[in-house]
Amino acid sequence: MIHKNDLAIAATSARSYNRHWRAKKLSWTDIGKIKYLFDGAVEYIDEVTLAYTSNHFNKLRSVLGFKQDSELTELIERSEAFRIVRNKETHKMEAFMSPLVRDRFVPTDSQEIEEPAIPYEIFYCKANALANDNDRDKISENQRQHLKGIDMHVLLASNVPKFHITPHVDAVRRIYEELVLVCDTPYLFDRYFGEFIRHYMKQYNTSRNEAYSVLIVYFEAKLVGHMARRVGIENWPRQAILQWLDYYFGAKRLDKVLTDVHQTWQRHQEGTLKEYASDLLEKYPKTANNE
Numbered sequence: 680m681i682h683k684n685d686l687a688i689a690a691t692s693a694r695s696y697n698r699h700w701r702a703k704k705l706s707w708t709d710i711g712k713i714k715y716l717f718d719g720a721v722e723y724i725d726e727v728t729l730a731y732t733s734n735h736f737n738k739l740r741s742v743l744g745f746k747q748d749s750e751l752t753e754l755i756e757r758s759e760a761f762r763i764v765r766n767k768e769t770h771k772m773e774a775f776m777s778p779l780v781r782d783r784f785v786p787t788d789s790q791e792i793e794e795p796a797i798p799y800e801i802f803y804c805k806a807n808a809l810a811n812d813n814d815r816d817k818i819s820e821n822q823r824q825h826l827k828g829i830d831m832h833v834l835l836a837s838n839v840p841k842f843h844i845t846p847h848v849d850a851v852r853r854i855y856e857e858l859v860l861v862c863d864t865p866y867l868f869d870r871y872f873g874e875f876i877r878h879y880m881k882q883y884n885t886s887r888n889e890a891y892s893v894l895i896v897y898f899e900a901k902l903v904g905h906m907a908r909r910v911g912i913e914n915w916p917r918q919a920i921l922q923w924l925d926y927y928f929g930a931k932r933l934d935k936v937l938t939d940v941h942q943t944w945q946r947h948q949e950g951t952l953k954e955y956a957s958d959l960l961e962k963y964p965k966t967a968n969n970e
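The sequence shown runs 680 to 970 under this note's numbering.
Derived by calculation from the structure, the hints in this document are not laboratory data.
Each residue gets a CB set at the ideal place from its N, CA and C atoms; glycine is no exception.
Take these hints with a grain of salt, some might be off.
What the hints assert, rightly or not - Listed below are the simulated DSBU-like cross-link pairs for lysine-lysine, each with C-alpha atoms no more than 35 Å apart in a straight line:
#, residue 1, residue 2
1, 767, 714
2, 704, 738
3, 704, 746
4, 881, 738
5, 703, 738
6, 767, 953
7, 901, 931
8, 953, 935
9, 746, 953
10, 931, 881
11, 746, 714
Said to hold, decoys possible - Computed spacing ranges between beta-carbons, pair by pair:
#, residue 1, residue 2, range
12, 786, 697, 28 to 38 Å
13, 873, 715, 27 to 37 Å
14, 952, 707, 34 to 44 Å
15, 792, 698, 37 to 47 Å
16, 747, 913, 36 to 46 Å
17, 945, 709, 40 to 50 Å
18, 870, 767, 41 to 51 Å
19, 888, 748, 44 to 54 Å
Please model the entire structure based on the sequences and the hints provided.
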């Protein structure tokens with residue numbers, strides 16, 4: 680349970696942030712922009728890692744009224760309140776994280792995380808209050824309901840899984856090989872994807888062959904990359920990967936998956952999909968050194 684004292688501490692800490700930012704000669708307009716990012720501008724947060732990544736910087740800086748990405752990154756640096764992900768060689772900012780959204784970001788070998796000058800552990804009490812419906816009037820609503828469907832109650836749990844911002848090639852290869860095995864084994868294919876195929880045929884009035892082709896495109900365009908972003912999945916046993924597939928295509932998620940797969944298929948036909956799993960494998964072929 681969240682106590683009133685916890686919320687009072689969080690409020691006091693917020694006032695301390697204001698004093699720090701004013702001492703840094705930041706205007707109230709700039710402080711307002713920082714607080715907007717603090718609350719979690721969910722439409723610009725990567726839905727897997729829950730970080731503000733560089734591919735969203737262009738839209739995010741436009742929303743904040745900046746003309747250049749550099750103005751956005753300068754504000755983040757001057758605030759001294761965000762965790763910043765930098766490229767080790769170029770020191771360029773590649774992502775940053777809000778203290779009020781417990782991110783799932785794991786850096787790659789070429790990245791390093793720069794901790795904020797201001798420690799923000801004190802804000803965890805406010806973040807934890809998100810899970811308490813009695814504090815609904817005290818907590819920003821856009822933190823409670825994530826526009827991309829992330830359950831904030833689950834997000835705030837201590838056992839939230841960690842994800843890379845981009846999939847590792849070894850993980851892509853592992854998932855790709857497991858899916859090929861399932862697709863080439865009739866009883867496994869029917870076990871994990873048969874229900875999806877039957878519902879897709881009925882819902883979109885297609886043949887089994889077309890439904891199969893649609894599913895394969897979804898594997899290539901989305902599923903492999905999504906699963907391969909999970910930290911350590913390249914070392915998972917086969918049964919663990921199959922359990923994930925069982926959950927992903929299970930009855931509880933089937934309606935959502937049907938829609939997602941069909942939309943991905945439409946984008947594939949329009950030619951608007953940017954990358955497929957097989958493209959990544961061709962770019963980094965398996966060699967004797969990485970077997």
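- Given the hint that residue 901 pairs with residue 931, test it: the Cα-Cα distance must not exceed 35 Å. holds (19 Å)
| said: Between the alpha carbons of residue 746 and residue 953, is the straight-line distance 35 Å or under? | reply: holds (26 Å)
- [ ] Verify the proposed pairing of residue 767 with residue 953, using a straight-line Cα cut of 35 Å.
- [x] Roughly 26 Å separates the two Cα atoms, so the pair holds.
#### Entry: residue 786 versus residue 697 beta-carbon gap, inside 28 to 38 Å or not
holds (30 Å)
message: Range first: 27 to 37 Å. Now tell me if the beta carbons of residue 873 and residue 715 are that far apart.
response: violated (46 Å)
Holds or violated: residue 767 with residue 714, Cα cutoff 35 Å?
Distance ~28 Å between residue 767 and residue 714 Cα, so the pair holds.
Taking 36 to 46 Å as the stated bounds, is the beta-carbon spacing between residue 747 and residue 913 within them?
Given range 36 to 46 Å: holds, Cβ gap about 38 Å.
Next on the checklist: Check whether the Cα positions of residue 931 and residue 881 lie no farther apart than 35 Å.
Outcome noted: It holds: about 18 Å lies between the C-alpha atoms, which stays within 35 Å.
Exercise for the section: For the pair supplied as a hint, residue 704 and residue 738, confirm whether the alpha-carbon distance does not exceed 35 Å. Expected result: holds (26 Å)
Outcome for the supplied range 40 to 50 Å, where the beta carbon pair is residue 945 and residue 709: Since the Cβ atoms of residue 945 and residue 709 sit about 41 Å apart, the hinted range of 40 to 50 Å holds.
* To do: Verify the proposed pairing of residue 703 with residue 738, using a straight-line Cα cut of 35 Å.
  => It holds: about 26 Å lies between the C-alpha atoms, which stays within 35 Å.
Would you mind confirming whether the straight-line C-alpha gap from residue 881 to residue 738 stays at or under 35 Å?
violated (39 Å)
Violated hints for the displayed structure, listed by number in ascending order: 4, 13 and 15.
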